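Undergrad: Now for the letters of each chain:
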Amino acid sequence: MYRKGIIIILSVFLLASCWDERLYKNSSVVTLVGVEGHIGEYKGYYAYPNTTAQQNEVIEADGISPRDVRTKANLKVEQTLDLSELSTILVSDQTVREPIYDILDIYFRDPQNPISIKIAITEGDVKPFIDLTKDLAGSAGGYYERFIESTEENTYFPKLDLQTIGSMLFEQTMDIALPYIQLSEDSKHAVAAGLALFSGQTFTGTVLTPKQSLIMLLLMNQSSKQARMSYMWRNDGKDIPITADVIHVKRKWTVNEELRRITMDYSIEVEIEEFAKNHLYKEPILKDVQQMIQDHVQAEFEEVLRILQNQKSDTLGIGRHIRAFHPKMFKEDWHAEYASLQLVPTVQVKIIRTGVLR
Amino acid sequence: MNVSLSKAQFFLLLFIIQTGVVYIAFQTPLIINSQNSAWLIFIVASVIHYGLLLLFERYYRYFYLNVFFRWVYQIYWLLLTAALIAYMGYVLASWVLPQTPEWVVVVMIVALSLYANLVRPETVINIGVMLIPIILLFVIFLMLAVPDLTWSNLFPIEWNNTKQIMEGLIHSTYAYFGIEMYLIYRPFLKQDLQVKGKPLLLYQLVIFMFYFISVLFTQMFFALEEIKLIPEPITYILKSQEVTFVKRLDIFFVYIWLSWSIVTVMIFGLSFRVLYLSKKRKHPKWSIFIYHLLLAILPLFVMQFQRIELVKNSLHYVLFVFTFLLPLVIICWNKWRGKSVS
Numbered sequence: 001m002y003r004k005g006i007i008i009i010l011s012v013f014l015l016a017s018c019w020d021e022r023l024y025k026n027s028s029v030v031t032l033v034g035v036e037g038h039i040g041e042y043k044g045y046y047a048y049p050n051t052t053a054q055q056n057e058v059i060e061a062d063g064i065s066p067r068d069v070r071t072k073a074n075l076k077v078e079q080t081l082d083l084s085e086l087s088t089i090l091v092s093d094q095t096v097r098e099p100i101y102d103i104l105d106i107y108f109r110d111p112q113n114p115i116s117i118k119i120a121i122t123e124g125d126v127k128p129f130i131d132l133t134k135d136l137a138g139s140a141g142g143y144y145e146r147f148i149e150s151t152e153e154n155t156y157f158p159k160l161d162l163q164t165i166g167s168m169l170f171e172q173t174m175d176i177a178l179p180y181i182q183l184s185e186d187s188k189h190a191v192a193a194g195l196a197l198f199s200g201q202t203f204t205g206t207v208l209t210p211k212q213s214l215i216m217l218l219l220m221n222q223s224s225k226q227a228r229m230s231y232m233w234r235n236d237g238k239d240i241p242i243t244a245d246v247i248h249v250k251r252k253w254t255v256n257e258e259l260r261r262i263t264m265d266y267s268i269e270v271e272i273e274e275f276a277k278n279h280l281y282k283e284p285i286l287k288d289v290q291q292m293i294q295d296h297v298q299a300e301f302e303e304v305l306r307i308l309q310n311q312k313s314d315t316l317g318i319g320r321h322i323r324a325f326h327p328k329m330f331k332e333d334w335h336a337e338y339a340s341l342q343l344v345p346t347v348q349v350k351i352i353r354t355g356v357l358r
Numbered sequence: 359m360n361v362s363l364s365k366a367q368f369f370l371l372l373f374i375i376q377t378g379v380v381y382i383a384f385q386t387p388l389i390i391n392s393q394n395s396a397w398l399i400f401i402v403a404s405v406i407h408y409g410l411l412l413l414f415e416r417y418y419r420y421f422y423l424n425v426f427f428r429w430v431y432q433i434y435w436l437l438l439t440a441a442l443i444a445y446m447g448y449v450l451a452s453w454v455l456p457q458t459p460e461w462v463v464v465v466m467i468v469a470l471s472l473y474a475n476l477v478r479p480e481t482v483i484n485i486g487v488m489l490i491p492i493i494l495l496f497v498i499f500l501m502l503a504v505p506d507l508t509w510s511n512l513f514p515i516e517w518n519n520t521k522q523i524m525e526g527l528i529h530s531t532y533a534y535f536g537i538e539m540y541l542i543y544r545p546f547l548k549q550d551l552q553v554k555g556k557p558l559l560l561y562q563l564v565i566f567m568f569y570f571i572s573v574l575f576t577q578m579f580f581a582l583e584e585i586k587l588i589p590e591p592i593t594y595i596l597k598s599q600e601v602t603f604v605k606r607l608d609i610f611f612v613y614i615w616l617s618w619s620i621v622t623v624m625i626f627g628l629s630f631r632v633l634y635l636s637k638k639r640k641h642p643k644w645s646i647f648i649y650h651l652l653l654a655i656l657p658l659f660v661m662q663f664q665r666i667e668l669v670k671n672s673l674h675y676v677l678f679v680f681t682f683l684l685p686l687v688i689i690c691w692n693k694w695r696g697k698s699v700s
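Heads up: the sequence lines are chains E and S, in that order.
Once you know that position 325 of the first sequence is 325 in the numbering used here, the rest is easy, because the numbers rise by one and skip nothing.
If you want the numbering used here, it's the 1-based position in the second sequence plus 358.
Hints in this document: simulated from the structure, not taken from any laboratory.
These numbers come from a predicted model, not from an experiment.
Don't take each hint at face value.
[As the list claims (entries may be wrong)] Straight-line Cα separation of at most 16 angstroms, EDC-like style, residue types lysine to aspartate or glutamate; simulated pairs: (1) E:Lys312 with E:Glu337; (2) E:Lys159 with S:Asp506; (3) E:Lys250 with E:Glu269; (4) S:Lys605 with E:Asp110; (5) E:Lys328 with S:Glu516; (6) E:Lys211 with E:Glu153; (7) S:Lys556 with S:Glu415; (8) S:Lys605 with E:Glu85; (9) E:Lys159 with S:Glu600; (10) S:Lys586 with E:Asp105; (11) S:Lys605 with E:Asp82.
With the hints as extra help, turn the sequences into a complete structure.
TA: Structure follows, in structure tokens:
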């Protein structure tokens with residue numbers, strides 16, 4: 001008899017999760033968040049789908065902190081905002097002049113917030129970027145998520161999510177570079193403008209162009225599905241465009257602790273995707289084209305490394321490498337040390353494929 | 359109590375008690391205290407643990423507990439289990455059930471343990487079998503994090519910092535707490551079964567690999583400064599993984615961990631029962647009921663951030679005494695006096 005009693009009592013306790021029941025039909029499911037301003041004066045934008053109107057609603061609010069902004073935004077909606085389906089956060093470039101973690105803390109702290117989401121920095125105010133999603137039939141956050149992911153596949157943005165960014169924010173040995181987006185001239189869609197360089201937790205103010213971003217990702221050995229580089233080959237007084245897609249990157253860093261010099265050897269194998277002149281099977285043409293690409297990439301590597309050092313932005317994770325394998329050379333104030341290192345890149349480019357034409 | 363254990367039952371019992379509750383959290387204090395060298399120090403701690411197992415296997419007969427030490431261990435297990443339940447409740451409140459009253463969670467856990475301990479002891483002994491596949495799922499899903507791991511986080515290794523090594527070793531006790539249960543349950547093993555040698559080594563290798571993977575993954579996934587802020591790193595790693603079939607993988611695994619931890623609580627209850635009922639009692643069920651009543655009340659006083667932190671920051675010293683030191687002292691004392699378990 002007492003067994004039955006215990007089973008009945010236990011069954012009652014199986015209802016425990018009733019207290020924590022959350023139904024989507026009672027929430028405004030936010031997919032895109034925009035943040036601008038600074039501590040004490042934040043402004044937030046929350047985009048959520050309006051299923052009856054087949055478009056996205058945007059709620060604005062002010063507050064002293066990101067959490068306070070959300071609390072205030074809840075005062076303006078008929079159903080509480082729910083961020084469990086959030087897919088992208090947009091932050092104004094002025095806001096990240098102060099430590100970015102200030103606005104991200106709530107996403108790491110609250111288990112209901114997903115951390116495998118995308119984050120991007122906007123040129124100027126966030127509002128126009130949020131507004132352009134209003135007329136989309138699909139999710140507002142999904143639009144930016146797809147936009148960032150496709151740019152990642154073209155090796156212009158690194159493959160990052162909130163969690164990987166969080167990890168890098170907490171160590172001095174590697175800095176983040178976040179997607180930087182601007183509006184098109186007609187303000188109807190977003191344009192990938194490159195990568196915003198960070199030094200520690202703050203934005204340096206420098207943005208790498210898309211081409212420089214691709215070069216930086218090659219330096220990081222993070223080429224994605226496509227990594228295309230286009231150059232002009234001058235032959236017999238004529239300019240002929242040539243496009244190469246990176247197939248493999250191999251890198252080897254050699255550290256000289258005494259000279260504080262790092263020799264960065266890269267071997268890049270490419271496939272030719274565009275070359276109207278053809279005849280790459282002729283060795284002099286192949287060698288000449290190969291050398292031309294190599295010279296360009298070498299110059300671009302040197303240029304990007306110079307920018308990164310000038311901005312004290314160790315996005316390549318040189319600090320991680322030094323701390324792990326040359327701890328005597330590692331200094332606590334890594335950014336200052338990093339800027340004074342001698343970085344010597346050497347690139348070797350090899351054409352390994354020419355498409356289905358020779 | 360008349361129980362006879364097979365080798366599989368014995369090692370499963372040990373495995374559940376040694377891994378339950380702490381598996382999602384012990385990595386944080388270990389890495390905070392031993393920094394990049396944590397994984398290497400954990401290997402050393404595991405070798406020490408294996409040495410202790412060999413020692414216990416050789417001298418388990420001398421682990422005779424008199425009335426005083428029986429009560430010492432019963433009270434220790436009661437308080438330890440209360441602390442574990444408080445932590446389970448706290449984790450549940452933080453991760454999945456913020457609105458559910460804490461007492462409901464505690465009563466639910468304790469009621470299950472009470473039921474399991476009022477029926478035949480074989481129920482508690484065998485219930486761990488159902489956990490084997492879901493515990494394996496834990497490790498399999500951790501593998502999703504492999505692309506996010508930074509292997510250079512494992513270096514540099516500082517092998518000349520004695521304080522760091524000692525702190526690392528003592529915090530490793532979280533992983534191997536409950537080893538005293540080897541001495542409690544070893545006499546119940548069927549007489550003709552061979553434990554020393556290959557079975558013991560195999561057990562050590564399984565538990566070591568299970569923990570070692572979690573230490574490596576935690577170290578490679580989080581930066582050293584970041585790990586200071588993450589009390590349950592394994593759950594956090596699972597939370598950061600995106601899968602198509604469930605939005606939050608962490609919730610799924612918090613419940614797996616909960617069921618695993620409840621079995622640990624049940625085994626502690628069984629251990630109390632084993633010691634308490636080693637003498638004939640008039641009302642054995644009442645004592646089990648009172649033990650569980652206390653378990654339902656005591657955790658409610660601990661389930662706050664600061665108290666949980668206090669317990670976490672000091673429990674390893676308590677574990678060190680009751681898991682390692684006291685058993686060794688009792689064994690040495692009884693060996694000297696020539697007194698052994700019949």
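Undergrad: Please go over all the hints and tell whether each is borne out by the structure.
TA: Hints and how they fare:
1. Only pairs whose Cα atoms come within 16 angstroms are accepted, and Lys312 (chain E) paired with Glu337 (chain E) is accepted, the gap being roughly 9 angstroms.
2. For the hint pairing Lys159 (chain E) with Asp506 (chain S), the CA-to-CA distance comes to about 10 angstroms; that is within 16 angstroms, so the pair holds.
3. For the given pair, Lys250 (chain E) sits about 9 angstroms from Glu269 (chain E) by alpha-carbon distance, which is consistent with the 16 angstroms threshold.
4. A threshold of 16 angstroms between alpha carbons decides the hint, and for Lys605 (chain S) with Asp110 (chain E) the separation of about 15 angstroms falls inside it, so the pair holds.
5. Taken as a hint, the Lys328 (chain E) and Glu516 (chain S) pair is honoured in the structure, with Cα atoms around 12 angstroms apart against an allowance of 16 angstroms.
6. Among the hinted pairs, Lys211 (chain E) with Glu153 (chain E) is consistent with the structure: their alpha-carbon atoms are about 14 angstroms apart, no more than 16 angstroms.
7. A hinted pair counts as satisfied when its Cα atoms are at most 16 angstroms apart, and Lys556 (chain S) with Glu415 (chain S) qualifies at roughly 13 angstroms.
8. Taken as a hint, the Lys605 (chain S) and Glu85 (chain E) pair is honoured in the structure, with Cα atoms around 8 angstroms apart against an allowance of 16 angstroms.
9. At most 16 angstroms may separate the alpha-carbon atoms for a hinted pair to count; Lys159 (chain E) and Glu600 (chain S) meet this at roughly 14 angstroms.
10. A C-alpha spacing of about 15 angstroms is found between Lys586 (chain S) and Asp105 (chain E), which places the hinted pair at or below 16 angstroms, so the restraint holds.
11. Taking the CA atoms of Lys605 (chain S) and Asp82 (chain E), the gap is about 14 angstroms. The hint holds against a cut of 16 angstroms.
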